[in-house]
Amino acid sequence: MTVEECYRAFGGDYEGTIDRLVTEELVTKYLIRFLNDPSYGSLVDAFSAGGSKDREAFQAVHTLKGLSLNLGMTQLTKSAAALTEALRFGRKPEAEACFAQVKLDYNMTAEAIRRLAEAG
Amino acid sequence: MSENSKPKVLIVDDSEINRSLLIDMLGEQYEIIEARDGEQAMDLIWRMGHELAIMLLDIVMPGVDGFAVLEEMNRNSWMINSIPVIVISSEAGSNILNRAFELGVVDFISRPFNFLIVQKRVKNAIMLYVKQKKLSSIVESEIYENEKRSSLLIMVLSHVVEFRNKESGLHVMNINTATRMLLKCLVKKTKKYALTSSDISAIAMASSLHDIGKISIPAEILNKPGRLTKEEFEVMKTHTEAGAFMLEDIPFGQDDYLLKTAYQICRWHHERYDGRGYPDGLIGDAIPIAAQVVGLADVYDALTSERVYKPAFAHDEAMRMILQGECGVFNPLLLECLKESELDLEKALKKDFFENRVQSDVHKITEERYGNIDNIASMRTLKLLEYERNKARFYASLSEDVFFDYSVNPDLLTITGQGLKRFKVPETMYYPIRNEKLLSVIRKEDLEALAEKLKSAKDEDMRIRCDVELMVDGKPEWNRIVARPVRASDGSHEFRGAIGVVSNIQKDYMKILEMEERARKNLAGHEAYLATDIETRLY
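Chains as they are written, first to last, in this note's numbering: chain A, 680 to 799; chain B, 575 to 1113.
Isolated chain B (complex conformation) (with noise of 0.2 Å):
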């Protein structure tokens, strides 16, 4: 969207009468855009939502009225958190008046329609959304700056401390992933230890802490390559106390959840679930949690890398040795955790530790930090969804192929320009499985034959082929359907639709008939010729 451009208005409503009076109205500051209906209104959303910077609609309106569209809208929240709508009606009873308000609408212009009032109050609900936008993204990329200027500082001080030990910088970064998958692992298994994203990301910062007491050891006891003795043992242990003490000693901020989970995690992340561990010997969850966590990375990390004092185990042996109970005990539900990251675990230690955590993560935690804002998908997401549509479109106009893509809800097909040419369709077809024009192309059984397949495709990468005849201008025409499901991403993998690319394979088609005419003439040739060979020789 360029900055210099009129911002875009959607107006609603049956009458062109009334349409016309806004234009008139709005036109000089405002590129309009007009919908007779709720439906038309629907389409232009879903087409250019995020482009729109407001709505004017009316309520009263033939087939889909304006409370649907408002309910439709609601439905997909992101519609009537990033487009501001005013309800423009002569209805203006209360309950009108609630019901529109409940629905998230912004404002309520009544007739007779006054000049200045509506380009007033136009204007404030532009500016209103505008300013709100700006500041969930200010925000957005704050707490995104933070964290990474946090996470890096901390690296910093962990390698500092990892340098004595001789022990590669890859530790500390593996500890911090390790930690941050088991917690979302766990989170998701219980709320018990009530943990925001906000806590975790603090927790995967803390634990870059976890061995900063070993500053106070002897470099011949860190770095001794053999079997520590008794006593050596007994100093080594003193590093958790040591940092532990170390943390508490900082004058301030010792009411901050960063550095009591620190303190938590140095102290006592050599603790066991039974109560054989150190310091303090506590018990289950006794051991705070965050402690527990880091404990179990710590070990894991320690068998799978090379230590002075031994080699690196596999990722399988590793895990073999702490399920079966040959590294400590710990608490039964992080070994569910540790055994269903396994993989992921095995993959993510090693790669790049902050791009590790994704953009979501930030997300997740404006939103749960600052409530209402969340939801408005920012700017610089929606400006990276316009830059992929484009993408697309322009990839889609270099073939000669039809491009389509559907979806579930809304029940919609969308097909790109070559098929507008082609086989005569419109571009978008809601219902499709009920449109005519779509049904004189492609047959219905073939259709519906077409969506079984996708639907019975459990593999998001698995590609359906399906060659039909089509009906292109009156005549019969071979085509290959290749296409794949789209599938929910948040873990119920439910069909939500399909994109896929009809080819013209008539001429391939006909030279397979003709070489298949031509074999059956050749076999038919063939056996006739066997036959009367076979006659000749038997008689």
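In isolation and in its complexed conformation, chain A is listed as follows (with noise of 0.2 Å):
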């Protein structure tokens, strides 16, 4: 698999993340430690406690957010952008609805990135 390959899975943006980063072998580096970072593990964390901890979660899916912007992942951007508006004065009734989201497409890049990395 390659690096575009990977991009096309999770529905990401391959040439403006080379335009951005430069190297693929930047690229890479960063997808396979996307695997590794906390964000989406604290969002959903707190996100399960139930409201008593919307602000860690606002917190976690905003820096997920973030990341997947740099990262060019732009269907997760998308759904992560969602769930932090969702979030961020507090639990719109939506937020249920926009969190699903974030799982789905989270779990698919991340299926695709592993893919990748097994790839060598």
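Warning: the hint list may mix true and false statements.
As the list claims (entries may be wrong) - Using C-beta positions, here's what the derived DEER-type ranges look like: (1) B:V1075 with A:G730: 51 to 57 Å; (2) B:R963 with A:K732: 41 to 47 Å; (3) A:P717 with B:G667: 22 to 28 Å; (4) A:A796 with B:Q693: 26 to 32 Å; (5) B:T1002 with A:D698: 40 to 46 Å; (6) A:R734 with B:A768: 51 to 57 Å.
Said to hold, decoys possible - Derived SDA-like pairs (lysine to any residue); straight-line CA-CA distance at most 20 Å: (7) A:K757 with B:E665; (8) A:K708 with B:I597; (9) A:K732 with B:V638; (10) A:K708 with B:E602; (11) A:K757 with A:A728; (12) B:K995 with B:A966; (13) A:K708 with B:F687.
Derived from the structure by calculation, the hints contain no laboratory data.
Computed from a predicted model, the values in this text were never measured in an experiment.
For glycine and all other residues, C-beta sits at the position ideal for the given N, C-alpha and C.
Starting from the two chains in their separate frames, assemble the complex, guided by the hints.
Below, the structure is given as structure tokens:
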């Protein structure tokens, strides 16, 4: 699997990202590091606490949004952005749905990166 | 800061990947320092702010966020003025931007990061600030050199004039010093004369020319050892108009503040507040304030120095004569200033004249003239600070005692290396009174008692001594704390912090206990002996 294919698999912007980060080497390095980033985990924990940890959930998804934006993960960025707004001033009713979408997009992205990592 | 080392960049972001990305982009050209949140960032800025070339700051962080950091940097304005801040954020709404720029942020880099853009923007911001700092340093140096040179020239000129009078060369310098002191006191009392630091400097300089007219007075009258006759006195009086006339005659610079002031001083330094002076009989504030001040300074100096026609009077005698109106009538505000500056005046006259002018005068003048450049602590000052810090650190490292440094704002206690080993506390502790590690070493009541003592010590030179029992490595140990308060030097004397030393006196303490024990035993034994003795004698 090539980096470009990986990006297609998770609905990301390969061209734009290479434009900004210049080398595929750097991009690959950070894609793999993304898998170990704690913000998704923190988001899941905080969101599942059912309202008492919404502030932490907001910060986690905000961080996740920034990360995915940096790495050109267009799909994930969209859903993370939506969830960020849904949590910014307290939990809005659409937060549940947004969270579900984030989970979907994250897992799809992570899966694609894992395939890339295995391919060497 | 060595010229060849890489510039230091502080990156503040709670996300490790983000920091890492930026490090990948900047690590080659810069030395990167990282902070995970606002509190870490502030700690680093306080400790090494003047070494930082630039700071990249995220806004959304847990705990102390980016805006809180910016606000604190603005409260301590040297920080925001000497460290350029670039905000890195995926939040790019205009209200965020507005607030950031209002807080003095230099640039804004939004996500996603672009390798080339990040590099270029960082470089630009650093260069901008370096240029600004260099400029302000240059300006300050130039002004300093300028003032020094003009002062020297004027001194030479007035010495030439004074030479004929056979007066001590000290006269000109004394007038200069006294004029400066009185003016500084005056502007603190009232704004009605509208004088800037620059003006004060100019007036003091011009004061050196006040008797320049004496060059036209015949030597026999100038140096007559006895009382002058009426006619002789009339001739003497003309030195005021003569001096003014000479200054007026200078073909250029008639608009110059210095020259105008010199004219005022020459012509009117013998006027009296009640209008009975000479040559023009001006009354009250019709007499330019420069002339009033020099007039008073002149009288004071004449009284306290030896002249051909009189011996020197003591300082107290001179004060008495002036205040009781025996030497002319003066502006009551000025007399107040004279009284208030009494002690400083007595000390300062006879000291080295240019050195009397502290670097701070020059800095004030630079500030007033160039507005924006002010508050950027000049590189020279920062380098001096760095040097002093290294000195202190070195001396502390040579001793087994523990040195500490406490500040009220921020509420921070700093301990030297020995303390880390002995007490197992961290080097810096915010809100020390709540710090668990600290409280496991020293009792809270002891800390509070020490703080009380320091706050009530009004005089900075007062040393507070406290013997406290500390817990070191789980064992009780007696220590002596010697400390002194640090107070604001701006006149408010506000309690700003404290510095001190903690020394282990357990051995001495044990000795003292032993001696006390022995003494008690001796006394008991002695008492017992006396008791038996009395008994035997009585019965």
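Here is what the structure says about each hint:
1. B:V1075 with A:G730: 51 to 57 Å: Since V1075 of chain B and G730 of chain A have Cβ atoms about 53 Å apart, the given range 51 to 57 Å holds.
2. B:R963 with A:K732: 41 to 47 Å: The hint (41 to 47 Å, Cβ to Cβ) holds, given that R963 of chain B and K732 of chain A are roughly 43 Å apart.
3. A:P717 with B:G667: 22 to 28 Å: About 26 Å separates the Cβ atoms of P717 of chain A and G667 of chain B, which means 22 to 28 Å holds.
4. A:A796 with B:Q693: 26 to 32 Å: The hinted range 26 to 32 Å holds for A796 of chain A and Q693 of chain B, with Cβ atoms some 28 Å apart.
5. B:T1002 with A:D698: 40 to 46 Å: holds (43 Å)
6. A:R734 with B:A768: 51 to 57 Å: holds (54 Å)
7. A:K757 with B:E665: Given pair K757 of chain A, E665 of chain B holds - Cα atoms ~14 Å apart, limit 20 Å.
8. A:K708 with B:I597: holds (13 Å)
9. A:K732 with B:V638: It holds: about 18 Å lies between the C-alpha atoms, which stays within 20 Å.
10. A:K708 with B:E602: holds (17 Å)
11. A:K757 with A:A728: Since the Cα atoms of K757 of chain A and A728 of chain A sit roughly 24 Å apart, the hinted pair is violated (cutoff 20 Å).
12. B:K995 with B:A966: The hint holds at about 19 Å.
13. A:K708 with B:F687: holds (15 Å)
Consistency note: the structure conflicts with earlier hint 11 alone.
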